[in-house]
Amino acid sequence: MPVSENPPTEESGTAVALRSAVREIEAHVAGEGWDSPPRLYALADTAELLAAAPALAEQMGLDPEAGGLTSVEQELDPAGDFEQLLVQLDWPPTVVGAVAVVERLVMARPDAGEQLDAETAAADPDAQEVRLVVGVLRPAPDDDVQSWCALRLRAHDEAAQVIEGADVVPGLVRLLGETFADAPA
Numbered sequence: 718m719p720v721s722e723n724p725p726t727e728e729s730g731t732a733v734a735l736r737s738a739v740r741e742i743e744a745h746v747a748g749e750g751w752d753s754p755p756r757l758y759a760l761a762d763t764a765e766l767l768a769a770a771p772a773l774a775e776q777m778g779l780d781p782e783a784g785g786l787t788s789v790e791q792e793l794d795p796a797g798d799f800e801q802l803l804v805q806l807d808w809p810p811t812v813v814g815a816v817a818v819v820e821r822l823v824m825a826r827p828d829a830g831e832q833l834d835a836e837t838a839a840a841d842p843d844a845q846e847v848r849l850v851v852g853v854l855r856p857a858p859d860d861d862v863q864s865w866c867a868l869r870l871r872a873h874d875e876a877a878q879v880i881e882g883a884d885v886v887p888g889l890v891r892l893l894g895e896t897f898a899d900a901p902a
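Numbering (the numbering used here), first residue to last: 718 to 902.
Don't read these hints as lab results, they were simulated from the structure. Be aware that one or more of the hints could be misleading.
Between beta-carbon pairs, the in silico distance windows are [stated by the list, open to error]:
{"no.": "1", "residue 1": "G784", "residue 2": "R871", "range": "14 to 24 Å"}
{"no.": "2", "residue 1": "E782", "residue 2": "P887", "range": "30 to 40 Å"}
{"no.": "3", "residue 1": "Q801", "residue 2": "L779", "range": "18 to 28 Å"}
{"no.": "4", "residue 1": "E775", "residue 2": "V823", "range": "34 to 44 Å"}
{"no.": "5", "residue 1": "G748", "residue 2": "Q791", "range": "11 to 21 Å"}
{"no.": "6", "residue 1": "L793", "residue 2": "A898", "range": "30 to 40 Å"}
{"no.": "7", "residue 1": "D794", "residue 2": "R871", "range": "16 to 26 Å"}
{"no.": "8", "residue 1": "P771", "residue 2": "A872", "range": "15 to 25 Å"}
{"no.": "9", "residue 1": "E881", "residue 2": "L822", "range": "12 to 22 Å"}
{"no.": "10", "residue 1": "H873", "residue 2": "E782", "range": "33 to 43 Å"}
{"no.": "11", "residue 1": "H745", "residue 2": "E846", "range": "31 to 41 Å"}
{"no.": "12", "residue 1": "S737", "residue 2": "T811", "range": "15 to 25 Å"}
{"no.": "13", "residue 1": "D859", "residue 2": "D807", "range": "30 to 40 Å"}
{"no.": "14", "residue 1": "D860", "residue 2": "P809", "range": "12 to 22 Å"}
Quick reminder that beta carbons are idealized off the backbone N, C-alpha and C, glycines included.
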């Protein structure tokens, strides 16, 4: 499945909604602190969700006229392999996108992680702990996956220091985008 290397030149409402959803989830998770297991959110079109279940608008405090995307956190096995879960995932047609949240240790030297065990890597003074929040939209047939990413360094744990972009974490964008492979749009 193709993955967009760049943000769309003309921003659609869904691209803006995806960016907003990623930012909201990043802020929510940041408020809960660090050292959390991976998280996964399904994204639903808010208008379609409320049309199917009007009582949700009041229950969830949603404006039925606002549009946008509603995130629904998925229950995950904390001991499970997150990447393997993504490989096996198959979203229902009502899910228009997804957001993954993972914390990782990034080594200053690209080859260092291959040579070090996790404990030694964690002790490396040049290693950086990061939180990755990656969102993708279900692509139309033959279209690229639209994505938005937010990356927060633990050493610079401030909202103003969050790095954002469409392809900040290309591997996770690709993996999350593949959860919509061969699925009807």
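Quiz prompt | Violated hints - listed by number, lowest first | solution = Of the numbered hints, 1, 3, 6, 8, 11 and 13 do not hold.
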